[in-house]
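S.K.: Take a look at the letters that make up each chain.
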Amino acid sequence: MAITFDKALGIHEQALMLRTQRNEILATNIANADTPNYKARDIDFAAAMERARPRAGTQSVTLQATHSGHIGVDGQSQLSPLGAQLQYRTPHQPSLDGNTVEMHIEQSAYADNALRYQASLQFLGSKFSSLKNVITGGR
Amino acid sequence: MASILDIAGSAMNAQMLRLNTTASNLANANTVSSTEQGAYRAKQTVFATIMDATNALSANPAGSPVGGVNVPEIVESQAPVPKRYEPGNPMADADGYVYASNVNEVEEMANMISASRSYQSNAEIFNTTKTLMLRTLQLGQ
Chain Z
13 MAITFDKALG IHEQALMLRT QRNEILATNI ANADTPNYKA RDIDFAAAME RARPRAGTQS
73 VTLQATHSGH IGVDGQSQLS PLGAQLQYRT PHQPSLDGNT VEMHIEQSAY ADNALRYQAS
133 LQFLGSKFSS LKNVITGGR
Chain E
2 MASILDIAGS AMNAQMLRLN TTASNLANAN TVSSTEQGAY RAKQTVFATI MDATNALSAN
62 PAGSPVGGVN VPEIVESQAP VPKRYEPGNP MADADGYVYA SNVNEVEEMA NMISASRSYQ
122 SNAEIFNTTK TLMLRTLQLG Q
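As given, the protein sequences belong to chains Z and E, one line each in that order. Numbering of the first sequence is given in the working numbering, commencing with residue 13 and proceeding in unit increments. Numbering of the second sequence is given in the working numbering, commencing with residue 2 and proceeding in unit increments.
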């Protein structure tokens, strides 16, 4: 049985990438909190994670993509599996200048995302240390 | 992740510019002029999102962070400047009138607080991102 990095690290690598992407989107929202007509955006993390996960055993039917603009069966770009679809937030209280950023929501989402990023980092770190442990034979 | 730092930096830059115009407006709130044209008019910053370079609407300079904030222009308030009869004022014109600035101090104070709060939020984002990056560098140690 071959041990590959992909098998050893599991889902955490993709999770970390998606967390970084979401961090950037949330930072953009907070940066544009005072920009007129800016619409707050976010990604559906669970759906994006589901797409990023390599499915074991099941072979799903996909279309062949030869161009980055080609759209897959689930309506998303095929060549970038981590290219999560951006969605607009529905504001509770939209402001008069057309801006839909609600600072408290964005800030809590950012804090939550940063925490989960650190969690993924921790998991990844422990995977590495267990690999190291195996290599050195527990010495 | 480096671009988060750029985005937060551009937002802090924009908020600092807004704070600067507010300071200028408040400082000049009580200045008078002898002509209507010479009177101080309140200045306001205009914020816009930096769009992707492929977007035809954006005219942002190369290398600016996509998703950040830029300030395309600073506009002057078009509100009429108040005209006061003060014949004893050395700045008065031939008819004894001086032209004051059209700065609304209450509006400027609210603007100032909003700008400083937004600046703080972006500084917080900057710090958090820095922490995350440092943690990532220590991965596997």
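Everything labelled a hint here was simulated from the structure, so no lab data went into it. A few of these clues could be false.
Stated by the list, open to error - Distance condition first, Cα-Cα at most 30 Å in a straight line; then the derived DSSO-like pairs of lysine-lysine:
hint: 1; chain 1: E; residue 1: Lys131; chain 2: Z; residue 2: Lys139
hint: 2; chain 1: E; residue 1: Lys131; chain 2: Z; residue 2: Lys144
hint: 3; chain 1: Z; residue 1: Lys19; chain 2: Z; residue 2: Lys144
Claimed, not checked - Examples of chain E residues toward chain Z, derived with CB under 8 Å:
hint: 4; residue: Ser4
hint: 5; residue: Ser11
hint: 6; residue: Ala12
hint: 7; residue: Gly68
hint: 8; residue: Val72
hint: 9; residue: Met110
hint: 10; residue: Met113
hint: 11; residue: Ser115
hint: 12; residue: Ser117
hint: 13; residue: Ser122
hint: 14; residue: Asn123
hint: 15; residue: Ala124
hint: 16; residue: Ile126
hint: 17; residue: Thr129
hint: 18; residue: Leu135
hint: 19; residue: Gly141
Even glycine gets a Cβ: it sits at the ideal position worked out from N, Cα and C.
S.K.: Holds or violated: Z/Lys19 and Z/Lys144, Cα atoms, limit 30 Å.
M.R.: holds, 15 Å
S.K.: For the hint on E/Ser11, just tell me whether its beta-carbon gets within less than 8 Å of chain Z.
M.R.: Since the shortest Cβ distance to chain Z is 7 Å, the answer is holds.
S.K.: Identify whether the interface hint at E/Ala124 stands, where standing means a beta carbon of chain Z within less than 8 Å of its own.
M.R.: Not OK, violated: E/Ala124 not within 8 Å of chain Z, min 11 Å.
S.K.: So, E/Leu135 near chain Z? Judge it on the closest CB pair being under 8 Å.
M.R.: Because about 11 Å separates E/Leu135 from the closest Cβ in chain Z, which is outside the 8 Å limit, the hint is violated.
S.K.: Would the hint on E/Ala12 stand, with a C-beta cut-off of 8 Å toward chain Z?
M.R.: It holds, given that the least Cβ distance between E/Ala12 and chain Z is near 3 Å, below 8 Å.
S.K.: Let me know if the C-beta of E/Ser122 comes in closer than 8 Å to any C-beta of chain Z, holds or violated.
M.R.: Check passed: Cβ of E/Ser122 comes within 6 Å of chain Z, closer than 8 Å.
S.K.: Holds or violated: E/Gly68 as interface residue toward chain Z, Cβ cutoff 8 Å?
M.R.: Hint on E/Gly68: holds, closest Cβ of chain Z at ~4 Å, below 8 Å.
S.K.: Does E/Lys131 pair with Z/Lys139 here, judged by a C-alpha cut-off of 30 Å?
M.R.: holds, 23 Å
S.K.: When the nearest CB of chain Z is found for E/Ser115, is that gap smaller than 8 Å?
M.R.: holds, 7 Å
S.K.: Was the hint right that E/Met113 lines chain Z, CB cutoff 8 Å?
M.R.: violated, 13 Å
S.K.: Given the hint that E/Lys131 pairs with Z/Lys144, test it: the Cα-Cα distance must not exceed 30 Å.
M.R.: holds, 27 Å
S.K.: Against chain Z, with CB atoms and a cut of 8 Å, does the hint on E/Val72 hold up?
M.R.: violated, 10 Å
In terms of the numbered hints stated before, the structure departs from hints 8, 9, 10, 12, 15 and 18, listed from lowest to highest.
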